[in-house]
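These protein sequence lines map, in sequence, to chains S and X.
In terms of the numbering used here, the first sequence opens at residue 15 and continues consecutively.
In terms of the numbering used here, the second sequence opens at residue -5 and continues consecutively.
Hint data in this document are derived by calculation from the structure and do not stem from the laboratory.
All residues carry an ideal CB built from backbone N, CA and C; glycine is no exception.
Incorrect hints may appear among the rest.
Unchecked claim - Incomplete in silico selection of chain S near chain X, CB under 8 Å: (1) A51; (2) Q148; (3) I152; (4) S155; (5) E227; (6) D256; (7) A257; (8) A263; (9) R425; (10) P544.
Said to hold, decoys possible - Pairwise CB distance ranges (calculated): (11) S:G202 with X:I180: 38 to 48 Å; (12) X:P137 with S:D239: 49 to 59 Å; (13) S:D125 with X:L20: 44 to 54 Å.
As the list claims (entries may be wrong) - Calculated Cβ distances over 12 Å to all of chain X for the following chain S residues: (14) Q40; (15) D169; (16) A274; (17) P281; (18) T345; (19) E495.
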Amino acid sequence: MRPRWKTVTAAAVLALLAHSSGATAQEKVLRVAMTAADVPLTTGQPSQGGEGLRFMGVTVYDGLVNWDLSSFEKAAVLKPGLAESWSVSDSDKTVWTFKLRRGVKFHDGSDFNADSVVWNFDKLMKRDSPQFDQAQSIQGSQYYGTIASWRKIDDFTVEIKTKKPDSVLPYNLANLYFSSSANWEKLGKDWNKVAFSPAGTGPWMLKTLVPRERAELVKNPNYWDPKRIPKSDRLVLLPMPDANTRVAALLAGQIDWVEAPPPDAIPRLKSQGMQIVTNQYPHIWPYQISYLEDSPFRDIRVRKAANLAIDREGMVKLLGGLATPAKGMITKGHPWFGNPTFDLRYDPKEAMRLLAEAGYSPSKPAKIKVIISPAGSGQMQPLPMNEFVKENFRDVGIDMEFEVMDWEALRGRRRAGAWAPENKGMHGINNSWAFWDPDIGLLKTAASFEPVPTGFNWGRYSDPKADDLVTRAKLAFDPEEQNKLLAELHTHIVDQAMWIWMVHDLNPRAMSPKVKGFVQAQSWVQDLTPVEMQ
Amino acid sequence: MLLYLLRRILYTLPIAIGVSMVCFALIHLAPGDPLSAVIPEGASPEVIAQIKTAYGFDQPLPIQYLNWIWRAVQGDFGMSIMTRRPVLSEVGPAVVNTMILAVAAVTLGFGLGVGLGIAAGYTAGSPIDRVVTAISVSGVSVPHYWLGMVLIVIFAVNLGVLPAMGMGAQGSATFALDWVSLRHLILPAIAMSVIPAGIIARSVRGTVIEVLKQDYVQTLHAKGLPGRRVFVHVVKNAAPTVLAIMGLQLAQLLGGSILVETVFSWPGTGFLLNTAIFTRDLPILQGTILVLAMFFVAINLMVDLLQSVLDPRIKRA
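Chain X extracted, bound-state conformation (with noise of 0.2 Å):
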């Protein structure tokens, strides 16, 4: 197992070289100058080689990239062009901003998804069935962030019960298990679970008549297990699946919603994002990027360790 465990740990490796690779040669595509955002009206040649200069832009590309991910190996991810201030002290904050919010839609979104996918997977064929099919194809289909406009406009707007933006009255620093708090957390957790408790209530229901259909439920009624008892069983031998599924979009949701976090003015990684990429801040993009991508490779390998407690059948030589 620990021998297993090292052996994936590695490979998140040349995971993690791709991804900084991808990224960097991706950013440095787009058109325009990375410095665009901080060069000044009428800064003339020379001011602007000295900022490029101060910033390493100088230097060609091959060589900046190995200078970012050199630096990046030991903790340091470099200054916003933006603000100056190190990458990891902007990333950390916004990383736990979303963790917050992905918690909460995680709890939301998988208790609505697994108890609507069991009870259609249950009553397969009946109206509940259809109306829960329903239900999760919606959840897939409607645009996340149009949700959170729907639902500011009622509950924030017209019945004022709700705040509209923001992580708390004093925004994140005072972010607290309480009611001021948590009122702000309502809406956009509602509409960031969504697309989850669709997908999930789709492989629950998915899952849950595979099972049910195989040989050993029908011997399980047969020798008159109280149907309890049968669930417990059903669920036990739907879990490795769903679980799968589970761990993708909960590093998604990690990753955040560059769209529901700035509908929210809610100042997680998606909001980050989103300023990052209007003022073409590099290092925050790719350090921001980096960093969610080794989560989602570190939930990933969280999920296959999950998977074989589970299920000892799933072997890990």
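So here's chain S without its partners, still in its complex pose (with noise of 0.2 Å):
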């Protein structure tokens, strides 16, 4: 009796197991661990910053412009979204008029049509609206600010006006996003509701969202682009903010994706036979210098000497390898990167040789105070990355203090400018910096009449050959003599050693062998449409 009692068992254990991995092999499910604690809003604009725009901004939804991701060698640029095409007026450089993809739907299978812009841009602009959703507002405002007012010429065209002539616009667009208003009708006009249960017009459809645990995301089979109708069938994001914690569950087999592991983590998950995949995108770590009165940086000499004094290759060493020597804010190869003639080496002696004309040597050195936090979105390893610097300041004859505060303080004082007075000694900030957009990158950054807080020029940096290209740049409404004038501007700015730069994030991911398909763009979005688990 017993051997074939044995013989029962065995064959009902190898049914239930062939039967487990029959239902896998069915679905193919994808899941992902986000460095945030939360997944991002759902409701249409995402929170989390790159992170939501990545995991629940170009998954679920489109913009009236898309990035394409398809690259890795090149920058990613920008394409067709919802908007097939778009032109600005000859007569007057803000009006723009939008022309919109026929036969799109969101996932309620409500239609797509310039009413749903207007009232997408009433819920975010329009104070007065019913649909108006302060959250969403306030996640959009870095993209929508330079929008003056918005109108429907007919169902598949629309009007926009900015407050200047912009044209920078589209980039903005690419990251205002697009809810169906008769979902919202549908479930009581409570975007609580609609955050468990949203509608865009993306490659994927929530299914489930339990806050601050996980959201699942399921393949929209009737994309409107077939190209990108995902290749898996789910897609589990799980906000997981400890880094350990996410290696951990990847080694464990919980997760087949982990965004950001440690870099003393790589040697481990690489034994385990896990991917790790990087490439450049538009990430800096700088210090942000101040021009004001009291800041030594207001001589180009000792800019130069602290942007000479750096061992970026070092530092480089000190992460793992998973980042790359600055020499500039710009990756070199972008189109924006132009041709400065300030090289950024680790050349010491000329250094030197630099302070020593301004005045300073190791024995009476540059005193300067940078503001610095221990953790944040982008800003890699501080602590250890800040120590390097200052050792290799100390070397040439710059002394450098820092003011150490968490992220969201330091976020506060880069917003209210090196002259607030809370800011006062402090010569620099510490504070990652992103060039997505010329906006962001460039030009808002160099103009002199681009102050924070709504410009990004933190240290009062005022070159009137910046303020020209930055001026002409934003009439440039040609992206190829845009892109020229950006490498103009960019080459000037890299010349006149405008922040000290280090090293720009090669933004890692590991990955389980399983998945397949994955092309890291050279962007803060990627496409998850392509991947599959194998």
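Build the complex: two chains, separate frames, hints provided.
Here's what the structure looks like:
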């Protein structure tokens, strides 16, 4: 009797295993651990910065303009999204016309048309509209600040007016998303309910939301761009702020993909057969510096010396190779890089010579104070990195002190400007920076007429040539011409050593060997539709 | 008894007000802007002012406090800054999730602590006592988040027998009393239980030694009562002291552990507080801390009542 019993049990176990593996083979699930502590806002304009746009923006939604995320080698560029084409009026450069894509449907089956655009812009910018949503309005305001008005011309044509001529508008529109008005009506006009069952037009549809725990997206088989219908059936997003937890969960097989694994975990992950994916993207780890009366950085020789004092290769080693040495704000090879003559190399001798010319030496060092944070989005490993820079500076005769504060406090200090009373005595701020659009990357950082908080000029950098290039770039509606002017501007600010630029993050991700088909674009957002589990 | 209960409940009122004031003041003392995490890049002063008004942060602090406490009394703890969801709808599920973890950790920690403590107390001075003391000292001294990481590395990463994080295959929504869910509970519960186990073992040991020295125990032995029955008397007499410590430990566990819950991505109050601290979500912070403080007060009250039931000598006049 006994052997037979054993056979039966074994058969049952095998059947069960076969059944369960059959179930997983049917549905392809991709499980991603995000660094955020909460699922980004799902209603349309995501929270959580770049990570929100990446996982809850371009997944569930589309902009009028989308990012082309298909290339590993080239910087991500814009492409038509919910608008098939756009143009700016010849007579009035503030008037834009957008021709909308026909036949696009929201996830709830309702149609996308000019009314949807007007309704969504009202949702973000018209405070007295019934659908106005404070949470989304806040998240979108970084991108809609330039928009003055909007109106429907016909069912598939929309006119947008900007406050001033602004050639950068399409970049901003890539981050403004459209949710279904019919769905909002159906759910009792309650955005909190919409959060659990939103309807966008994107390649993924939100199926389940458990706040602070998970969001489950399923593929949209009717997505308007057939080339971007997801290859996976389900995408599970898990907020996991602790880096070690993310790594452990990947190694334990609970997830397939982790964002930003810590550098010291990379060897272990590799030895377990995990893929480490990296690529350049629009990120820079700099000191934004002060040009106020009390700042040694007013002297270009000190700025150049500081830039030459840093052993960037050494810093890259410190980061386990997960960064590249900076040659300016923009990565080399990017269309906006240009041709700077000032080479950001490691040359302590030249740095000391320049400092001596400016009246400083290791015995009589230039004294500076910089605001840093122990952690934060894009800040990489700020404490060891800043200590590293401090040592480099000390070698050449710059004595740097830190004021350490938490990430949000630091951001507050940046928004206040170097001239704010709380920033008195500060000569720099270590706020990692993005250059995903010309405004944030170059125009609003370099123009003297773009001070914080509406612009990004923290330290009162003031340079007539930079101002002139910014003004011209804002009026350059031809993308080629705009790129040319941006490259010229970048060349100029590098030659002026406008900031101290250290390294570009390589945006590492770790994935199980089963994850196939991912192309890491040079962008803050990524396309998950070609990703497949094997 | 009823009067005593009423009076004790009334006592909690000033405590609640005190706690709410302290947590409100402390949070606002932190440098930086409470709305920093939601103010977008490039927002104009007008937009920032609008946001401040929308969240009620344009009012003077005392008015903000009064507004908040007045709404809290009515059961409205405000909205999360980050998600715009009602605070109660965020804190509620988190408390339940932490409770699940706390109950598991309590069962483990108290069982282990009492067992070890009694063994050590009965064998005071023996090698068993020394071993137990060593174990309980390490239990108290080991950082529990570190232990959590070590457990993850051993059992999830290297052996692959238990999950590294989360509260179930599909998160807390599908948590049930089945093996799939309970597997997720084992490692965080062990990590959470070591400190209470250590503390309880030490205090049980001390109390047992003390009770054993009492005259009546000698008398019971002298009268020929079997050791088993004497043991019951010892436990009964040691209980009130141990209970007080247990109550405090339970309250602490219910508060969740920011570190352990973060290490295991356990969606409880600790995890919630961690998120709220980093995003400066003041309404969530205030609401969670107040709810937790009330738990503390309620558990202390329950311990007091239980003590008087167990030991009629403790009079509650």
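Hints and how they fare:
no., hint, result
1, A51, "holds (4 Å)"
2, Q148, "holds (5 Å)"
3, I152, "holds (5 Å)"
4, S155, "holds (5 Å)"
5, E227, "holds (4 Å)"
6, D256, "holds (5 Å)"
7, A257, "violated (11 Å)"
8, A263, "holds (5 Å)"
9, R425, "holds (6 Å)"
10, P544, "violated (26 Å)"
11, S:G202 with X:I180: 38 to 48 Å, "holds (42 Å)"
12, X:P137 with S:D239: 49 to 59 Å, "holds (51 Å)"
13, S:D125 with X:L20: 44 to 54 Å, "holds (52 Å)"
14, Q40, "holds (17 Å)"
15, D169, "holds (32 Å)"
16, A274, "holds (15 Å)"
17, P281, "holds (14 Å)"
18, T345, "holds (21 Å)"
19, E495, "holds (24 Å)"
In summary, the structure is inconsistent with hints 7, 10 from the numbered list given earlier, while agreeing with the others.
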